[in-house]
Amino acid sequence: MRFIDYIVTALRNIWRQKLRSLLTIFAVVIGATSVTIMLALVTGAKTFFRSQVEANGMLQQVAVSQKSDIKDFNDASHSGGNCDSCTKLTDAIITKIKTVPHVVEVARQMRVGAFEAVSFSGKKYTLEQVYATDANGVIHNNILAGHDLQPSDKEGVAVFTSDYADKFGFKGNYNGLIGKQISLQSRSFYSGVGAVVKQPVPCNGPCDNKLQQPPTVLTATIVGIMDTSTTSTAVRVPVDWAIGMNQERHYEFTKADQIAQEAACKNARGACNSTQHMSLITTNFVDTNGYDQLVVKADNAKNAKQVAADIKKFNVGAADAESMINSQLAIFNVVGLVLGGIGGIALAVAAIGVVNTMVMAILERTREIGVMRAVGARRSTVSRLFTFEASLLGFWGGVFGVGVGYGLTRIANVFINKQLASQSVQAHDIITLPIWLILTVIAVTTMIGMLAGLYPAHRAAKLDPVEALHYE
Amino acid sequence: METKTPAIELKHVTKTYKLGGETLNALDNVSLVAQAGEFIAITGPSGSGKSTLANIIGGLDKPTSGDVIVDGQDLSHVRDRALSDYRNHHIGFVFQSFNLQGSNTALENVIMPLVFAKMRGKQRKARALECLQAVGLGDRVNHKPSQLSGGQRQRVAIARALAVKPSIIIADEPTGNLDSARGAEIMKLLQDLNHQGITLLIITHDQTIARLAHRMVSIHDGKLVEHRG
Ligand SMILES: Nc1ncnc2c1ncn2[C@@H]1O[C@H](COP(=O)(O)OP(=O)(O)OP(=O)(O)O)[C@@H](O)[C@H]1O
Ligand SMILES: [Mg+2]
Chain A
1 MRFIDYIVTA LRNIWRQKLR SLLTIFAVVI GATSVTIMLA LVTGAKTFFR SQVEANGMLQ
61 QVAVSQKSDI KDFNDASHSG GNCDSCTKLT DAIITKIKTV PHVVEVARQM RVGAFEAVSF
121 SGKKYTLEQV YATDANGVIH NNILAGHDLQ PSDKEGVAVF TSDYADKFGF KGNYNGLIGK
181 QISLQSRSFY SGVGAVVKQP VPCNGPCDNK LQQPPTVLTA TIVGIMDTST TSTAVRVPVD
241 WAIGMNQERH YEFTKADQIA QEAACKNARG ACNSTQHMSL ITTNFVDTNG YDQLVVKADN
301 AKNAKQVAAD IKKFNVGAAD AESMINSQLA IFNVVGLVLG GIGGIALAVA AIGVVNTMVM
361 AILERTREIG VMRAVGARRS TVSRLFTFEA SLLGFWGGVF GVGVGYGLTR IANVFINKQL
421 ASQSVQAHDI ITLPIWLILT VIAVTTMIGM LAGLYPAHRA AKLDPVEALH YE
Chain B
1001 METKTPAIEL KHVTKTYKLG GETLNALDNV SLVAQAGEFI AITGPSGSGK STLANIIGGL
1061 DKPTSGDVIV DGQDLSHVRD RALSDYRNHH IGFVFQSFNL QGSNTALENV IMPLVFAKMR
1121 GKQRKARALE CLQAVGLGDR VNHKPSQLSG GQRQRVAIAR ALAVKPSIII ADEPTGNLDS
1181 ARGAEIMKLL QDLNHQGITL LIITHDQTIA RLAHRMVSIH DGKLVEHRG
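Residue numbers (this note's numbering), protein chains in the order written: chain A, 1 to 472; chain B, 1001 to 1229.
Treat the hints with caution; some may be incorrect.
[Said to hold, decoys possible] Label pairs and their calculated CB-CB ranges:
hint : chain 1 : residue 1 : chain 2 : residue 2 : range
1    : B       : E1022     : A       : R16       : 35 to 43 Å
2    : B       : D1221     : A       : A443      : 57 to 65 Å
3    : B       : S1149     : A       : K18       : 23 to 31 Å
4    : B       : K1018     : A       : I345      : 43 to 51 Å
5    : B       : T1014     : A       : M447      : 24 to 32 Å
6    : A       : L23       : B       : K1018     : 27 to 35 Å
7    : B       : D1085     : A       : G341      : 45 to 53 Å
Hints in this document: simulated from the structure, not taken from any laboratory. Ideal Cβ positions, reconstructed from N, Cα and C, are used throughout, including at glycine.
Excised from the complex, chain B in its bound form (with noise of 0.2 Å):
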């Protein structure tokens, strides 16, 4: 048997806010460890804290105390520098509303992260026409995100989380905003991703997608609960 390396490691991750004179634990010690190539789902009432791990894993928030290290990483004391290289080199986001950019078109929707990788300009066209079909958009390269359903527009997300070959995805609603068939489009989509060997991240509150993870873990007011898969 194969003992797979630890992809994710959060280790008392508290995260706190202050507003005014109180102040509000988002996290409150929150420890959890996920392999590489696993599926995690993370459910949780609104505003327990779920959107907060997330980025806490993606390295675009930092926890206020704890330690975070991803694949091999640790991010709690790096600087902005070496926190944005590793998003992207690492992670890939996908979002409840796809964040995708109005102006431009679906390829160059997925260059963008390419573009930060200071990769030349044939290749990664190359690269994001290759994720594009990989996510079955190869006819819509050149539409603008006006021009595509929603679902196609989560389509291009993902491939533009997939350009620079991440280890980890980490999708926040990627469904919220799409009807049940589209969203077990997406699902489907992100578990082929998972199979390829991606780590896989979902936070969801729809729990049929929830038990389609290898594991579940729930939040309830920044306090972790583990589920059994």
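Bound-form chain A, shown alone (with noise of 0.2 Å):
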């Protein structure tokens, strides 16, 4: 029998069992279809990811942390804060590290944490994170209205991400944001830059001289919108300006207060009563504990590696972006294996009602194998029209499984692109349907057809000829 006869056959076939055929592909078809949108979000999303890993040139970065032992930028960004035994990231270690070959720059990021609230025209939202990373280039944020921080920014200037924007009442108008002030008001023991810090009472003999402070209030003013790809409800400022908010300011009587108290003391008469003077103290929190995290940038993505590498010499923590990448697609893959075990099991569903339906069709059809064998059809003859037969069943499961996955994958993808366009981010159509895949799955489900008919096929094969002729 030729190849073609194969197939007319197996079709005609099918076409004869209409309603069984059709029932027996629809379950197919539900595992076609379960597969085939799982591995498109999967694979879309992972795609997504890359690609905007690259538009924001993290390939070319590595992160640096007071600890030794990060493994990635995760890491890197939730390992700052207290770590006494740690190498502080302070400005002598960035000369070092850019005496390293390959670096373009560095770029320093902290946090302030003693805000608590925002408030722009008359009402008040809570502030979830304040932090400056230096506009140097090495960090890329994508600007969606206004323009970034500037190098020369020192202070009273702000980046809003998109969210805030959108809570402000700004949404589709981040541009009306521009220029406005915003007000940032502080914990009620903030006492860096702009705090007014009073002088405690005098008072002799031990008494707490660090005031309760009232809450400071900065002004800023926006200069830009990001959207929310890196980090989202924050607000960015210029470094210095960190560095002043981070800045623990109180009175002391200081040695010197006394010795210039008991020099004063001495041409008095009686008990010396002179107003006491007391000083200014000013402690630099980056001068105690360094920055939270430094970005580097390496001339190349190629050698991010070797600059993490280098790096680490300096006894910190230092990771490529690779190593995050890496992880988080190992979660898409483990997302994928999942979704796709889901799959697997509606396909191996499927193929017990192939077995099914080719063990009634030989049933059904034992005499004609007997007319078949008597004209001379090979028991292979026989075995392989069966198992054409239940392969073009997965096929058609497949092709119409892509099918109706493609449909639905762009039915989601509208409902994507709205969701990332609430969030400014500019990507749209991110769940695809890749040739491959989709010959995969179709390949995948004929298989399965294969297989289910293996063992029918097989019965059909070695029925007796004789005993097939005279079956009622």
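Each chain sits in its own coordinate frame; assemble them with the hints.
Right, dumping it as structure tokens:
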């Protein structure tokens, strides 16, 4: 029997039992659709993620942290803060890092924890985070309106993430916010830049001279709105301003004050009650704790790994983006595996359906098989005929499954596009069905049909022709 | 006088069925020689082994012991592939119950053996039409079996047997499901084929049909008894 005749005969046999074939194919369609959608989601998400990372120039970046055992960017940004035994990320370290080969620039990064609210046109909103990064081209921010912070900016300006702009009622009109004044309201202990630090009432003997400070309000001009792809609900300010915000200032009766007082009292008669003089002590958080994180830009993405390795020699942590990308992609892989598993179960059930359909078909067509054998069909011919038929059930299931999957991903894209647009991410139709995916799904369902057809086909082939001819 | 080569040669053929503990000899040491172009009628009571004999000659079944040599080919030891090809090329079967495929047209039924013979689409259609015309059904090619009379169905079956130009036609009670007039027409058709040189083996209960044959053999309890033609 010629190949084309196998196909034609198998198709005719499928057509002969329209309803049953349709139901069997339908089961395959369900499995194929779910596998298609899941693969499309995962590959789409991966591609999207990678393109975002590339667009942000992250592949050229090396994150540096105090803790030396970081593995990726996430570790780096979460390991700042209290680590007494670690090497502080000071200006001295930055100078050293700048001497490492292939290093182009270093951006300092620090958080400010002292602010709790932001007010705009009479309304107050909670403030999630105030942070600062150097505006020296290392860290790329996607600016939707206005402009990014400039290296010359010292204080009084800020860039807001677009979700704040939305909250302020400027959705779709981010330009309307540019140049507007907003107020950052501190917590009550704040004593950094802008705070009016009061001198405590003089007292004799031990007493608390660190007075509770009233909240301070700083005013900032909005110069730009950035998207939420790297961070959300955040306010970014110049590094110099953040250093000032992270100051701790208080009055203290210092040794010098004591000497001055004693000197003044020498000439006094009786109890010396001269006004106690106190000095304003300023502690720079940066000096004691260093920056939270540094981001180093390598001249080329290929050199990022080497740069990270070299920086580690300064006894600080360093990681390039590749490991983060890999660990993020690993999550997608796991998600894909789980979702694919669900589709796999659906396909397994469909395979059982194919076996059932084919066994039924053989019972019905036993006499026909006998006739075929009598007029010269070999065992292998009969076997192949049924295998083809089962494979075609799988094939059609795959074709329709991919078709339905395509339709559903198109619909999903409409919703995802809306979501992305609302987050001001400039990407759309991120779920795609690459040709390899379409072909793979169809090939796999055809294969499943074929495998499901093997047992029935074997049964059909080993039928005794004489008995088959007399089958009632 | 020409010496005919034997078309069929059975040597001590035995077919044994084991049912439970009992053994049953459907054929018991049967030897038979048929010349090419001969017309042999096989008769015998029901269950005597006629169909078993026909199936063994036609390569649908294998003997338990003994040799079957058809057209110079020993069938008793060949594998399925060769046996199937043998049926395809040498044998045309005609059954009592027609055994046509209900969902296919007359033409498609006749085409079926040609498909297994790997003939191409156009050629096999032409050949099938030729065969249907030969059995007088040139105007019924696109009818399905359910749209044909009993006699017409058996004609389609004969056309199907003819399609691959077999050297032997084996008809197992071809007139069993037909009235005597229709049966006579079918026998006329088969005799015509025999006159064209095809070896004809007919199993029948009907003595008038058996008498048409060159030679008549009968089987009783698996044993062959030869009668003069
Ligand atoms: N597959 C089988 N298993 C067991 N016994 C069988 C089998 N096929 C046939 N027989 C037995 O072999 C014997 C011969 O059967 P066969 O079909 O050849 O008879 P027959 O002469 O063609 O009868 P009929 O005229 O009724 O068609 C019968 O007794 C039958 O019961
Ligand atoms: Mg019989």
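How the hints compare with the structure:
In this structure, E1022 of chain B and R16 of chain A meet the distance hint of 35 to 43 Å, their C-beta atoms being roughly 42 Å apart. Range check, D1221 of chain B to A443 of chain A: about 59 Å between beta-carbon atoms, so the 57 to 65 Å window is met. The hint said 23 to 31 Å for the Cβ distance between S1149 of chain B and K18 of chain A, and at roughly 29 Å that hint holds. Our hint of 43 to 51 Å for K1018 of chain B and I345 of chain A holds, since their Cβ atoms are close to 46 Å apart.
Judged by the Cβ atoms, the range 24 to 32 Å given for T1014 of chain B and M447 of chain A is violated: they are separated by roughly 47 Å. Distance hint for L23 of chain A and K1018 of chain B: a CB-CB separation of about 42 Å, inconsistent with the stated range 27 to 35 Å. In this structure, D1085 of chain B and G341 of chain A meet the distance hint of 45 to 53 Å, their C-beta atoms being roughly 47 Å apart.
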